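K.L.:
Each chain, written out:
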Amino acid sequence: MSPRLLALIPSAVAINLAIGFVVNQLGLPLYLDSVGTVLTSALAGPLAGVVTGLVSQFVRSLYEGFIWLPFGGVQVLIALLAAVAAARHGFASAARSLAWGLAVGLSAGLLSAVISWFVFKGVTATGVTAVTLLLTRLGLTQPQAVTTSSVGTDLLDKTIVFLLVGAMLRALPLRVLGRYPPARRAVAR
Amino acid sequence: MKGRPGIAGQAHPFTLFSVVAGVAALAFLLPAPTGPVLLYVTVVALAILTGAGASVARAALICLPLWVLLILLLAVGGDGARSAIGPVTVSRTGLEAALAQGARLGAVATASFVLFASFDPSRFLDAVAARGWSFHAAYLVVATLQAAPRFRQRAAAILEAQRARGLRFGGGPARRVRALLPLTAPLVLGMLSETDDRAMALETRGLDARASRTPLDPPMDRAADRVVRWSVAACVAAAALWRLHALGAF
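Chains A and B are the protein sequences, given in the same order.
Okay, so the first sequence: first residue is 1 according to the numbering used here, each after it adds one.
Okay, so the second sequence: first residue is 1001 according to the numbering used here, each after it adds one.
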């Protein structure tokens, strides 16, 4: 692994964790814990993104207990799809970021629902589980409620993540983008 | 010898990781609900006996909302035969599933908080170097643990600075979402500029060299550590074999 990646990945993981603090301060019902992962995939390719996602999940587990480690698979999926988005100019405009964010949100939500149901019996983060509980009260079966709440929250979360990362990448000067060839392709510059 | 106080703090770093991995594996392999409940009781007792009682309370605090939601979702809202507990009726299978899942979460969270309370990054790096394992992987974890509080402080400083410049965070959700970009963009731009400096520092210190590293003060891998690691591996293997046998695999 190159020194640049060794320097980039810990900072990107720290971004994933620090944005949680910003979101809490804003009182938003979101995670945005994959901004660093998506950014690294767009800047340095899929391998760097996957490593960022896995290290991120591992370090978060150290702070919050290893119970959330199975969701590392979701971070890997997000990193891989973000790299595909970058290769297809997915961050070149807000509309493209929005479309890719929705696609990634749907995929991540479906995988989250499978992990949530089979590993956690549907009880994960408090907000998502509260939505699940509400949906079961409205007549949905438990697997349906878990899938709907996971997909719903991930659609919103990942769309905002992709819009944010896209806006940041497009704002970067060419001098910085030049150091990260995948990022130039991502924003089509 | 370096290391945090307490038996867990003096253990070899790999011993702690194997215990947590073993607890996580056993939590899902042991028969529910008795197995996970007994495992949780054992982990709590061991944590208290090894001087890590604070981790038990911290894990319980994290798990408490999840336990409540498990009871509500699986026991109160579950299907199947029901029993009355006081004024409410609960699904018997749902209650068993909630108990098992709650105990699994409790056991894994308690073991991992004991690990975190005893985790010394420099001892971990020395242990990895002593084994000749990938220094890069260990560096990524340790560098992240050091970077995380720094970035959190920076995020707090940016928040204050933007507030001082007139950015308003209150109001409806749309307004709060719009505040995300001015708060996160400086964090990311700062990260990219720091990456350049750090990459140069790592390169000049030979971090991309292929030669093996010599640890300055490697943690002792005592016989007791090896016994614990092999015992955990044996327990997990026995539980996995028993589970496969119960499923009729052989």
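Hints are computed from structural coordinates only; laboratory data are not their basis.
Treat the hints with care, since some could be wrong.
[Said to hold, decoys possible] Looking from chain B toward chain A, a few residues come up when the C-beta cut is under 10 Å (computed):
1) F1151
2) D1217
3) L1244
[What the hints assert, rightly or not] What follows is a set of in silico ranges between Cβ atoms, one per label pair, in the way DEER data are often shown:
4) A1084/B to A130/A: 54 to 64 Å
5) P1182/B to G127/A: 19 to 29 Å
6) E64/A to A1234/B: 41 to 51 Å
7) R1222/B to V114/A: 53 to 63 Å
8) R189/A to D1197/B: 17 to 27 Å
Just so you know, these numbers come straight off a predicted model, no measurement behind them.
Ideal placement from N, C-alpha and C gives every residue a C-beta, glycine not left out.
K.L.:
It remains to establish, for every hint, whether it holds in the given structure.
P.N.:
Going through the hints against the structure:
Taken as an interface hint, F1151/B checks out: its beta carbon lies about 4 Å from the nearest beta carbon of chain A, inside 10 Å. With its C-beta approaching chain A no nearer than about 23 Å, D1217/B sits outside the 10 Å limit, and its interface hint is violated. Given hint, L1244/B at the interface with chain A, is violated; its Cβ is 18 Å from that chain's nearest Cβ, farther than 10 Å. Distance hint check for A1084/B and A130/A: the Cβ-Cβ separation is about 26 Å, which falls outside the suggested range of 54 to 64 Å.
Here the CB-CB span from P1182/B to G127/A is close to 25 Å, well matched to the stated 19 to 29 Å. Checked against the hint of 41 to 51 Å, the C-beta distance between E64/A and A1234/B comes to roughly 29 Å, which is inconsistent with it. A beta carbon spacing of about 42 Å between R1222/B and V114/A contradicts the range 53 to 63 Å that was offered as a hint. R189/A and D1197/B have their C-beta atoms about 25 Å apart, which keeps the hinted 17 to 27 Å range intact.
In this structure, the earlier hints numbered 2, 3, 4, 6 and 7 are contradicted, and the remaining ones agree with it.
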